[in-house]
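Protein sequences appear in the order of chains D and W. Position one of the first sequence corresponds to residue 1 (our numbering), numbered consecutively onward. Position one of the second sequence corresponds to residue 1001 (our numbering), numbered consecutively onward.
Treat the hints with caution; some may be incorrect.
Heads up, simulated BS3-like pairs for lysine-lysine below, C-alpha to C-alpha not over 27 Å straight-line [stated by the list, open to error]:
1. D/LYS159 - W/LYS1338
2. W/LYS1265 - W/LYS1138
3. D/LYS71 - W/LYS1011
4. D/LYS11 - W/LYS1011
5. W/LYS1102 - D/LYS374
6. W/LYS1379 - D/LYS159
7. D/LYS16 - W/LYS1085
8. D/LYS23 - W/LYS1159
9. W/LYS1379 - D/LYS102
10. W/LYS1389 - D/LYS110
11. W/LYS1060 - D/LYS16
12. W/LYS1138 - D/LYS102
13. W/LYS1249 - D/LYS81
14. W/LYS1110 - D/LYS389
15. W/LYS1110 - W/LYS1088
16. D/LYS271 - W/LYS1159
17. D/LYS159 - W/LYS1081
18. D/LYS137 - W/LYS1159
19. D/LYS249 - W/LYS1102
20. W/LYS1336 - W/LYS1389
21. W/LYS1137 - D/LYS374
22. W/LYS1060 - W/LYS1089
23. D/LYS11 - W/LYS1159
24. D/LYS25 - W/LYS1102
25. W/LYS1336 - D/LYS159
26. D/LYS159 - W/LYS1011
27. W/LYS1374 - W/LYS1319
28. W/LYS1011 - D/LYS249
29. W/LYS1389 - D/LYS159
30. D/LYS110 - W/LYS1379
31. W/LYS1249 - D/LYS25
32. W/LYS1085 - D/LYS249
33. W/LYS1336 - D/LYS379
34. D/LYS374 - W/LYS1271
35. D/LYS81 - W/LYS1159
Chain D is nowhere near these chain W residues, computed Cβ spacing over 10 Å in every case [stated by the list, open to error]:
36. LEU1039
37. THR1107
38. PRO1108
39. THR1116
40. LYS1169
Please keep in mind that the hints were generated in silico from the structure rather than gathered at the bench. Even glycine gets a Cβ: it sits at the ideal position worked out from N, Cα and C.
There are 2 protein chains.
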Amino acid sequence: MALDEMGDWRKTHFTKDITLALKGKEVILGGWVQNWRDLGGMKFIILQDKYGERQLTMKKGEVSDDAFDLKVGYHWNVMVKGTVKEFKKAPGGVEIIPSEIKILNKTPDKLPIDMTGETVSELDIRLDNRVLDLRSKKSQAIFRIRSEVLNSIREFLLKNNFTEITTPKIIGSATEGGTELFPIIYFEDEAFLTQSAQLYKEQLSSVFENVFEISPCFRAEKSRTKRHLCEIFTLDIEMAFANMHDVLKVLEGTIHHVITNIREKNMDDLKHLGMEDNTTVPELPFPRYSYKEILDRISNELGIEIEFGEDIPTEAYRKMESILPGYYYILDWPNKIKPFYIMPYIDNPELTESFDLQKGWLELVSGGTRVHDKELLTKRLELKGLNPKSFESHLRMFDFGMPPHAGAGLGIARLVAVLCGLDDIREAVMYPRTPDRLTP
Amino acid sequence: MALDEMGDWRKTHFTKDITLALKGKEVILGGWVQNWRDLGGMKFIILQDKYGERQLTMKKGEVSDDAFDLKVGYHWNVMVKGTVKEFKKAPGGVEIIPSEIKILNKTPDKLPIDMTGETVSELDIRLDNRVLDLRSKKSQAIFRIRSEVLNSIREFLLKNNFTEITTPKIIGSATEGGTELFPIIYFEDEAFLTQSAQLYKEQLSSVFENVFEISPCFRAEKSRTKRHLCEIFTLDIEMAFANMHDVLKVLEGTIHHVITNIREKNMDDLKHLGMEDNTTVPELPFPRYSYKEILDRISNELGIEIEFGEDIPTEAYRKMESILPGYYYILDWPNKIKPFYIMPYIDNPELTESFDLQKGWLELVSGGTRVHDKELLTKRLELKGLNPKSFESHLRMFDFGMPPHAGAGLGIARLVAVLCGLDDIREAVMYPRTPDRLTP
């Protein structure tokens, strides 16, 4: 069977638009065959598109023989011209009586993943066949939520006098140490993929003051956990005339706004993911604990001893989740484990004006007050064993009236995973990149 | 002189918010010293922030001696606490009488670029000192317009049922030929930076139907023109159940919406750039010419002969600009110079359903109807001398009910350059990347 041509047919509506208000009207829909049934004298096709599904009903004698005799398969791509009729039991309370159906593309008899939702295929097989997998109800819910996350973040920040910036992804020198950078062959030179917008967003805060960027960055980490990727989509924010505490307020405000919007616009998706009672609007302000307090609680309440100055291992965070399940900040991290651009406390330089935002066991955000004085920044580079010479073009920007500033970086996939209750962040990324996965 | 601490001072307003409505009120502003004058008994500082400027007025005896005696320099970073007073001749019709000024950061006596606007520094020097340069009135106007371009594009597409997608920037194989790809060392493997979202946006149109992405892509082209960069910020759109003509409508609608918004929100910026009479809302629909017609006009009206099947050289476009100065489409390009994924006309496979959008001499957009049938796509890969095996993971997605689809890619910097009347697109990019420039 040859494919039909779309010709001059165009969708008049999406499935979501087909309601009783259109009773008796002729419409054209397009989408994929989610399912079909043949009851002898009656046939049904459930057609899905990007917004949902509607039922096509073919009764022998009532529709053309061509439409009635048509064979279809799972996820065949079709367009249908038909009339809207009331039918309470069907999706949206309506059915479409087709006058003509076009088959625009077909699928093999056996699909590589189960699309009925009865069995869940292994994630790697789902990713190998990502297009098909993304049409599942679960993926559709996840990515509708992700889309709203991006919109809501931009909406909140633009309203709060943030300017969208675009920083370069190809950088000339292995600035932040270099162990986690992917090298690029840049004509005759060596260059690297940026591991964060850090230095550039700091620079731009001295022009546009409050700035943000949502963009890819790259980490050559060979970790095979369920929360690390080699290509990360990150929200970076930076604020001028501000310190860490100002950033904390903007961040918790952003997350509050995102969840409020999602509960308003994506409740069906939350329900489908079983998250309607989990992804609730958090109270503001988020609790703030110092690094020292958290260490003490981990020691007292879990009996795990972490030496002051060391990072908190995931294992300890996982155990803390029963005690601190929500969003909370951990402030004032030791200088030893924080990068050169983080501001030490003047009266106690072993500690820094830095923070993490946790949701339960998962770190969502890292940030802090930055050093804005060129002399101190140069000293801190040396202290961290880095060569100020390789930061020359960055340091130069501190000659031009750099304001006090502070900022943070948030992993979009981690936030989406939290909101959608996903165990593996690869589910929250359209095409995840890991040490073992470069395709599709 | 040591720097002041910001302490608990926070900006209460931006300069734009300081109007007569605040007369008599105490405010805190922060920003950079754009200029200052010393008239003996009176001193003035023009303070600029991200939105504009306001005047600080210090009269001997009226302000504290500390405030009066303060020395400042160009682009020193300051915060000021003061009272708003009416003064018709000053920016915004007000002046601020400072009670206290804090110097948060300073600059060298001689700045590397002239910030008074009297002389224009060479672009490379401006880029070397980008932070300072971006604070110039010209750059501020350009990037305010750019910000509105991004917002308006997203606003228009989201309203028109487009879904925002994120495609990977690291790809596993040198798909589209490979000559313009930057190789990456990806752990033990070779990988590449994506040169466009093409294949992935096509795939995702078979899930989310109308999709868009605004994201970086990378071209290893050693061209040193004023319109090419190695890192490009691109709007990619793709539409399912659509052909080229549907894309033409969405694109011209997008540009119409962008310019309408810019004229409404950025008229001061357009005026500063001298573009208020040039960047006008274009009439819809944009004129549509075939490739053949354009070749004929170039021959008849300019006397330049281009062989059918060849690309149109920039020189010919530049000469055509006096005849076709506005936005126009060139349709139906020869198959010979179009990539494998572009749909040939069934009845005339030497021509393809493809288009460029021109603004005068500059190509802004390239797009077309895509091949959605796997068999034809495989044949076209072979025809173009590419190996279908290296497209395996892409071709697999065509098994799953790929709809007819069409799309386009628009260079954001080129559009901004056109709207702002810039000769060199590097001016429209915060940190341009060229074969010779990897810093800052």
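**Message:** Checking one constraint from the list: CA of D/LYS271 to CA of W/LYS1159, max 27 Å. Satisfied?
**Reply:** holds, 25 Å
**Message:** Hint check: W/LYS1336 vs D/LYS159, CA-CA at most 27 Å. Holds or violated?
**Reply:** Violated, because 49 Å separates the two Cα atoms, which is more than 27 Å.
**Prompt:** Taking only the CA atoms, is the gap from W/LYS1389 to D/LYS110 under or equal to 27 Å?
**Reply:** holds, 22 Å
**Prompt:** Given the proposed pairing of W/LYS1379 with D/LYS102, does the C-alpha separation stay at or below 27 Å?
**Reply:** holds, 24 Å
**Message:** Hint check: D/LYS159 vs W/LYS1338, CA-CA at most 27 Å. Holds or violated?
**Reply:** violated, 43 Å
**Prompt:** Are D/LYS159 and W/LYS1081 close enough, with their CA atoms no more than 27 Å apart?
**Reply:** Answer holds: D/LYS159 to W/LYS1081 is near 25 Å, not above 27 Å.
**Request:** With a cut-off of 27 Å on the C-alpha distance, tell me whether W/LYS1060 and D/LYS16 pass.
**Result:** The given pair, whose Cα atoms are some 70 Å apart, is violated under the 27 Å limit.
**Satisfaction of hint between D/LYS379 and W/LYS1336, Cα-Cα up to 27 Å** = Not OK: W/LYS1336 and D/LYS379 at ~59 Å, beyond 27 Å, violated.
**Message:** Can you confirm whether the C-alpha distance between W/LYS1374 and W/LYS1319 stays at or below 27 Å?
**Reply:** With Cα atoms ~41 Å apart, W/LYS1374 and W/LYS1319 exceed 27 Å; violated.
**Request:** For the pair we were handed, W/LYS1389 and D/LYS159, check the Cα-Cα distance against 27 Å.
**Result:** Between W/LYS1389 and D/LYS159 the Cα gap is close to 49 Å, so the pair fails against 27 Å, i.e. violated.
**Request:** For the pair supplied as a hint, W/LYS1249 and D/LYS25, confirm whether the alpha-carbon distance does not exceed 27 Å.
**Result:** Holds, because 26 Å separates the two Cα atoms, which is no more than 27 Å.
**Asked** Between D/LYS23 and W/LYS1159, does the CA-CA distance stay at or below 27 Å?
**Response** With a Cα-Cα distance of about 25 Å, the restraint between D/LYS23 and W/LYS1159 holds, given a limit of 27 Å.
Hint compliance for this structure: hints 1, 3, 4, 6, 7, 11, 12, 15, 24, 25, 27, 29, 32, 33, 34, 37, 38 and 40 are broken, all remaining hints hold.
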